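Protein chains: 2
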Amino acid sequence: MKLQFAMDTLTTQAALELAAAAAPHVDILELGTPLIKSAGLSAVTAVKSAHPDKIVFADLKTMDAGELEAEIAFAAGADLVSVLGSAGDSTILGAVKAAKKHGKGIVVDLIGVADKPARAKEVVALGVEFVEMHAGLDEQAEEGFTFSTLLRDGEASGVPFSVAGGITASTIAAVQQSGARVAVAGGAIYGAPDVGVAAATLRAAIV
Amino acid sequence: MKLQFAMDTLTTQAALELAAAAAPHVDILELGTPLIKSAGLSAVTAVKSAHPDKIVFADLKTMDAGELEAEIAFAAGADLVSVLGSAGDSTILGAVKAAKKHGKGIVVDLIGVADKPARAKEVVALGVEFVEMHAGLDEQAEEGFTFSTLLRDGEASGVPFSVAGGITASTIAAVQQSGARVAVAGGAIYGAPDVGVAAATLRAAIV
Chain A
0 MKLQFAMDTL TTQAALELAA AAAPHVDILE LGTPLIKSAG LSAVTAVKSA HPDKIVFADL
60 KTMDAGELEA EIAFAAGADL VSVLGSAGDS TILGAVKAAK KHGKGIVVDL IGVADKPARA
120 KEVVALGVEF VEMHAGLDEQ AEEGFTFSTL LRDGEASGVP FSVAGGITAS TIAAVQQSGA
180 RVAVAGGAIY GAPDVGVAAA TLRAAIV
Chain B
0 MKLQFAMDTL TTQAALELAA AAAPHVDILE LGTPLIKSAG LSAVTAVKSA HPDKIVFADL
60 KTMDAGELEA EIAFAAGADL VSVLGSAGDS TILGAVKAAK KHGKGIVVDL IGVADKPARA
120 KEVVALGVEF VEMHAGLDEQ AEEGFTFSTL LRDGEASGVP FSVAGGITAS TIAAVQQSGA
180 RVAVAGGAIY GAPDVGVAAA TLRAAIV
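Chains as they are written, first to last, in numbering that gives the first Met the number 0: chain A, 0 to 206; chain B, 0 to 206.
Simulated from the structure, these hints should not be mistaken for laboratory data.
Do not rely on the hints blindly, as some may be mistaken.
Identical copies carry no separate label here, and so any pair may be met within one copy or between two of them.
Cut-off 20 angstroms, straight-line C-alpha distance, at most; resulting in silico cross-link-like pairs (DMTMM-like, lysine to aspartate or glutamate) [said to hold, decoys possible]:
no.	residue 1	residue 2
1	LYS103	GLU70
2	LYS100	GLU142
3	LYS100	ASP114
4	LYS96	GLU70
Just so we're clear, the structure is a prediction, and the values are computed from it rather than from any experiment.
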């Protein structure tokens, strides 16, 4: 199982500092949606240039203009680009077309989708690399939130999936047991006193 | 009815040129989602600085981190910020909180939402300014597309709404007759040989 670090920050400089500290321990460096909207795709270029050996994930959460948005993100250096599962199939197909042109991949983020396993099967058939079983930051803050549903949805989907929704060192083993291809950690790394130690701890919890 | 110009371009410089040509004839200058992702929120600041008398709409299409994304867009100079109708209520409420703090407004973009009138009522009750009955660029390119459904959905919603989906000088009268508060035009303006003339023609078609 790969470890993806979601860098939820707002400036390219902050992202570069987080990436430098965590890179030795993670496989995928993710530029969060607010970071990309705030700083633009030059942030993707900066992170990829600093870490050419890492998979760089641009969390665009595309809802429309699938081919165009994916194209500019791949051109900026992204290896993986996200499209929303609630987007129309033509948007997802457009993004997949851009990915094929660049030899890169599209990830469909299932945040906000009611029946995640069903939509997961549909979008993998459209050519996406894998789906993200994702509870967003706002959903995580809601009372009674638990991400066990995400793991069940991933298992039920029968397709390659990642899991994102507040994963910590004490829960990452359960994510691995669910068969996830990728575990996405954000706050558990960037919110820790020592980003490198936190990333190494998560890595060590993957067997 | 107000006229909104959706600037679907990719650089701040191109947006400033489009805005300069169209501004005398439109009420709202919209920075499209790919533009914001490509150039960052500094594009919003640049357009607002050049046109302080215009309403500047940042088409963020927020799906998560509602308060944060709206906050940084308002801080950058936006007067209106969009959140997706398929986002959770907590995301929309977070964005509305940021809007109230700044004395600005949230628009919910209903792209991809199956029952637009029902969701429109729900989100206006959450405190959003108005909803956008929206067929995206990808949906417009699908065979058999017509935006008459958007007008019927707007009328059925009973709440303030805008319409976006390939509006031209020959269809804008029907949009006005549906009771729309705002008509959003993109390609009909930026795709015209003379951007200023195209914007003026649309404006003249509003009675």
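> Between copies, within a copy, both or neither: which fits LYS103 and GLU70 at Cα up to 20 angstroms?
Replying inline: Classified as within; 10 angstroms inside a copy, 33 angstroms across copies.
I want to check one pair: LYS100 and GLU142. Are their C-alpha atoms no more than 20 angstroms apart within a copy, between two copies, both, or neither? Neither way: LYS100 and GLU142 sit 43 angstroms apart in one copy and 24 angstroms across, limit 20 angstroms.
Tell me, please, which holds for LYS100 and ASP114 at an alpha-carbon limit of 20 angstroms: within, between, both or neither?
neither (30 angstroms within a copy, 35 angstroms between copies)
Fill in: Identical-chain pair category, LYS96 with GLU70, by Cα at 20 angstroms
within (9 angstroms within a copy, 34 angstroms between copies)
Hints 2, 3, counting from the list given before, are not met by this structure.
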